[in-house]
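Participant: Residue numbers (the numbering used here), protein chains in the order written: chain A, 120 to 434; chain B, 183 to 460.
Keep in mind the hints are simulated off the structure, nothing from the lab.
Treat the hints with care, as some may be off.
Unchecked claim - Some chain B residues flagged as far from chain A (calculated, every beta-carbon gap over 10 Å): (1) Lys187; (2) Ile365; (3) Glu454.
Claimed, not checked - Below, simulated DMTMM-like cross-link-like pairs (lysine to aspartate or glutamate); rule was C-alpha separation at most 25 Å, straight line: (4) Lys290/B with Glu410/A; (5) Lys456/B with Glu444/B; (6) Lys193/A with Glu242/B.
None of the values given here were measured: they were computed from a predicted structure.
Even for Gly, the Cβ is constructed at its ideal location relative to N, Cα and C.
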Amino acid sequence: MSDIKKIATRDSYGNALVELAKTHDDFLVLDADLAAATKTGIFKKALPERFNNCGIAEQNLMGVAAGIAATGKKVFASSFAMFAAGRAFEQVRNSIGYPHLNVKICATHAGISVGEDGATHQCNEDIALMRTIPGMTVINPADDTEARMAVFKAYELDGPVYIRFGRLAVPVIFDESYDFQIGKGVELKPGNDVTIIATGLMVNEALQAHDLLLQDGINARVINMATIKPIDSEIIVKAAMETGAIVTAEEHSVIGGLGSAVCDVVCAECPVPVVKLGVYDTFGMSGPANELLDVFGLRAKNIVEKVHDVLQLKK
Amino acid sequence: MDTAKRISLEKQATKIRMGIIEGVHSAKSGHPGGSLSITDILTYLYFEKMNIDPKNPRMEGRDRFVLSKGHAAPALYSVLANRGYFSVDELMGLRHTGALLQGHPDMKHIPGVDMSTGSLGQGISAATGMALSAKHFKENYKVYCACGDGEIEEGQVWEAAMFAANKSLNNLIVFIDNNHLQIDGTIEEVNSPMPIDQKFKAFNWNVILINGHDFDEIERAVEEANKSTDKPTAIIAETVKGKGVSFMENQVGWHGSAPNDEQYAIAMKELEEKLASL
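From just these sequences and the hints, can you work out the full model?
Facilitator: Rendered as structure tokens:
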């Protein structure tokens, strides 16, 4: 495993901003005293005049971002997921979401894999919060390649976008030939026995689960669902009809995240059993990220267990 | 300010007050008190000061205005209608289902509204962002904003105040509509933000105190604010909640309730008499 290249998607974000700035001069970057951690510091170092530190004041950060966007410019606004989506939720809803402004909220340190900082900083609710806002696009990239592409596509999109990045270095899954499109899921492995729909760092775990399941004679389709909203209902319905059972996998609460978004589609359009893997209505805890992913059951072997569970329910 | 100009502004402000009363009466809800207290300031900005074009509401380089105390929307709408952004007939649709004029300002649909506001404390941050954008992209427009005195109990206002001063946003001018009343009582009773002037001074703002119903003082304050070289300006305007309608003046009950038909008739008669006297 040691030869697999690993990059934290927060680094991908910082690098993508600098790359984007080479060809676009109509956007600013804001942070709330976390530039070194969110990696907007990479942008700050390259283009200090286009970077503004709003200090430890996330509510004002979102309002300032809205104001910049209201003048016809674009803006990337960053903090940790807990503070961007949580603390400033109402500013995001009313000052950014309601007027549908061109603010790209790029939140890092999402999920359990924040690690040692513990429960106060491990946001497992951000996808749920952000996807309730009308017109908000919500993206949770799986690796470095997808994260960079998500930044570029979000810039091009007219309207508010929430992108979720992680602190932990994760394997690079995709090469430059990967075609990321906002709102499109991607089938990474074919299979007709069951479908695993994963997002973020769980995509790599889903690919491993696919291989483990093959050893048991189970051929699982694997779908990467980077865009949680608008959700790709077409690929979900197709998977439900062709495989008859779905497991969702996310480093987020099972309440309101990817699993809920998939269930919304499946319940309405093609009812089949869905089992959700994620964080089960509990707060996180301190510890090294890779240990916590074991403790919270966010691993390939846990996906395999859920696949066996859902196959019991499959008619 | 010469007498003719002042009388012209007073006439305009009276017409705008009539539009506020008509709108709120038609809606059977809304916020007349704080709309009437901010009317003279808005009248001055939109009819005298701001570089705007009602025929081209999104004109590049225009001055911006953010009504951070968004519940005073009837005042902003009446100003915009009388300034020609849309028909004054729209005022009668205020808060009605499917009508143009939402209960609080909506920049996506209402011509002339520069920022959607209504949740208190948020507009001043947006105005700060606009001023920052103007600086960065080297545009010369000014950003005006109006906050309520009760509104500044919101912590976000002081986050914005700290940031605007630290970024030397001298193109940002914020009026504080100091009418002394909020929904539950006087600002002193509820959670006093006083002394407002010293708070803004402590946040490194340029601070000017005026009578918010005196056009000479409003004009002088704005001119002084526009000369600031390195600081944002807070113009703390002493105002009367419900100004211009005798039974609404300084009455907390008129923060968020509409006049009935009889009260509407009295209010309109008073304003018509005022207009005739000018």
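Participant: Please flag the earlier hints that this structure goes against, numbers listed from lowest up.
Facilitator: When the structure is compared with the hints, only number 4 turns out to be violated.
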